[in-house]
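Asks: Spelled out from the first residue to the last, the chains are:
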Amino acid sequence: MAKDNGGILKWMAEYDRRYVYLALFLVMVGPLLRPIGMPISVSPDTRQYYQVLQQVQPGDKVFFTLNTEFSGYNEIQSGIIATMRLLVEKNARVAFGVAHVEATVIPELIVKAVQAEMTANDYQYGRDYIILGYIFPNEAAVAAGAQDFHSVVTQDWLGRPIAGTFLDEIDDWEDWDLIADFTTGIATSYLINHYALRGTPMIMNCIGVMIASEKPYLDSGILLALLQSMRGGAELEFLIGHPGPGLTAMDGFSFGHYALIIFILIGNVGYFGYTRQQQMKISKEAK
Amino acid sequence: MLFSVPGIINGRFIGFLLDIAMAALVYYYIKTRKMVHIRRVPGLDAIEEAVGRSAEMGKPVICSYGIGGFTYWTLAGLSILSHVAHLTAKTGSRLIVPTGGGDQSLIVRPVAEEIVKTAYTMEGVEDQYNPDDLPFYSGQQYAYIGGYVGVMQRVRPGSVIMTGSHASEAMNIAETSNAVGAITITSGSYISNVAALACASDYILIGEEAPAAGAYLSEDPAQRASIRVQDLFKWLAIAVMVLGIAARSLGNDLMLRLLST
Amino acid sequence: MAEILKNRQLQIIVMMLSFLFVFLPYFLNVPQLNTASTKLITITSIVTAFTIALAVIAQFRRGMNIINRRSRGWYFKAYMLVTLVLMLGFSLISRETGPYHWVMFAVVNPLSSVNYGILAFYMASTAARAFRARNTKALMLLLSGFVVLIYQAPLTGAYFTGFEPIALYLGSTFAMAAGRMFLISVTVGAIVFGVRVILGNEPSVLGISKEEQ
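Residue numbers (our numbering), protein chains in the order written: chain A, 1 to 287; chain B, 1 to 261; chain C, 1 to 213.
Hints are computed from structural coordinates only; laboratory data are not their basis.
Any given hint could be a false lead.
Said to hold, decoys possible - Dumping the calculated BS3-like pairs for lysine-lysine here, alpha-carbon to alpha-carbon at most 27 Å:
(1) C:Lys137 / B:Lys234
(2) C:Lys137 / A:Lys10
(3) A:Lys61 / C:Lys39
(4) B:Lys90 / B:Lys117
(5) A:Lys284 / A:Lys10
Let the sequences and hints guide you as you build the complete structure.
Replies: Right, dumping it as structure tokens:
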């Protein structure tokens, strides 16, 4: 009930932002600690991404590029692991390359996560997959690798020569069958400029804030598919029938969005019920 | 494709032509040294108001120019930094310039130091220049945020002017600036940032407004020539879009084939 | 020799040639040019990687200067230099296991993730604060924001399918148009900036201040 001078309405108009932080924290962490298992829908973009991966043939050479720091990895890891799982099931040959120093240890996290599938499909290091490490420090490296791969990359991430691995079949951008880019925006534009625009098929899993900037590439056909943030990763996990960190987070994800909507509504009620009235009162008094 | 040009890779002729045309126009404008007219960007008034307000309250001004290397946005940020440094030197406010945030930021830092020092010298208050007010907060983005947010919490600035190339740290900085009660003026160099910064800032320079503001302030014929050429090509892009939409609506793919040449 | 290398005209000529070596092979199909271009780009990527080493040395010099002067916060600089040396050492010991691994997973990952995660709270408080229907335009923004927010929650699509076409329409028209506009602006701006640099009208890129010109 509103007190005189609009007590509750005043609070609704001017609530401390820390209430938002607390509410968001509770609604997101609660379902993580005690999962509910709410249903999700699958967006058309995720279905398109899944269809592209279904077309990967055994033996296809896939460049698995990690343009992310550890922070971004936590958002898109569901998409990364689900994609890797699918690629292993398709018996694709995968080369990991990273574009940030923090991401150098991420490929081994991915390999560990899909170890069971890799063992079942008899994946051998060098023959079926290889970890190249930090090979994209700048655009010049990406450009050089696109024109002559072996001039830029001669060793894997542990210093072992790549001669004798499946990378012997790679000379330039034309020899890759697919680029799967997982990005927070570090070297993605370089990969698009030097690979995708030259015709190398490319798919992407990006963080949420990048979706608006990457959608034009999807619309124009430069990207074959775009997996959108953690939600896309969760949808992909659902499609492949292998729940993981993405699906686990979707309950909190949904509740977080609803909590934010509620706070926006509260703010607007407070705005019309208190702030606007105060402004009208002040302008009347000024007259 | 409409036609192929011998010697040029298929599908790249129009791009090549456009690049040459842009280069030729920029060269023409630079060589004529004509001071191209650019309207005053409204954001500059907001910057002057913000610095004035900080001076009245006796609070410092924080101004950053981005975390990237020598890019288009960083140069715009440096031009605005120069303007702000002149203003703070005139008003006697303290200017803090957090630097760092990227691998290339170390290369830009000496230029920023020089800009601020020159501004203070030109205003006749060289003794007020303090090199410790241009702290380097690491070449790592998130460590930079930590330092930037920390300095805002400690000094409680009257205004925060964040221009140049900022990535995800822009949101952190804008929201913290709002929380400490400072006037927040930002520039969105990435489409991803624009939406969030538009909500978080008191004033935002969207996209080209920041380089245009930089060109306006610098009074450099080359920078203004660039802005003019960009405008011309944007008009060309609009014309191509309109023609293309009209052609496609009539079932003709001439424009599409022309652009794919 | 140093004076020759500092010559501005020489620097601009080198820049122009480097630009042509990379620019022309993209448009012209000349195999010899492709080979030379690849070699030059490879050299450039190595030189650029050395700037990281330069950055470390510069940090050391600056840090030692601050520590010697006992400036404000000198102990933070000392801590930074100690951790720098430690990580250097750890990476030389082993990359697969050991202290480097531990620091990456136990220190770098959580710190990096926390800073990134905080963004979600900041975005939420910003949205909660800024989305007010002050006028017609703000109301339209609010309504479209609502639709997109509701659609983004995966639970919504499972029960209310009506939001999807509207949200997808907003994303594929207005948001896409804004994205394309930005792409065009940024691309044209980058090209024009590059031309200015090659013509020598951006001395700051070469490390030359206006006073030295």
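Asks: Hints first: check each against the structure and report whether it holds.
Replies: Evaluated hints:
With a CA separation close to 26 Å, the supplied pair lysine 137 of chain C and lysine 234 of chain B stays within the 27 Å bound. Proposed proximity of lysine 137 of chain C and lysine 10 of chain A is supported: the alpha carbons are some 24 Å apart, at most 27 Å. The suggested pairing of lysine 61 of chain A with lysine 39 of chain C holds, with an alpha-carbon distance near 25 Å, which does not exceed 27 Å. Distance hint between lysine 90 of chain B and lysine 117 of chain B is fulfilled; the C-alpha atoms sit about 13 Å from each other, no more than 27 Å.
This hinted pair checks out: lysine 284 of chain A and lysine 10 of chain A have alpha carbons roughly 20 Å apart, not beyond 27 Å.
Going through the hint list in order, the structure satisfies each hint without exception.
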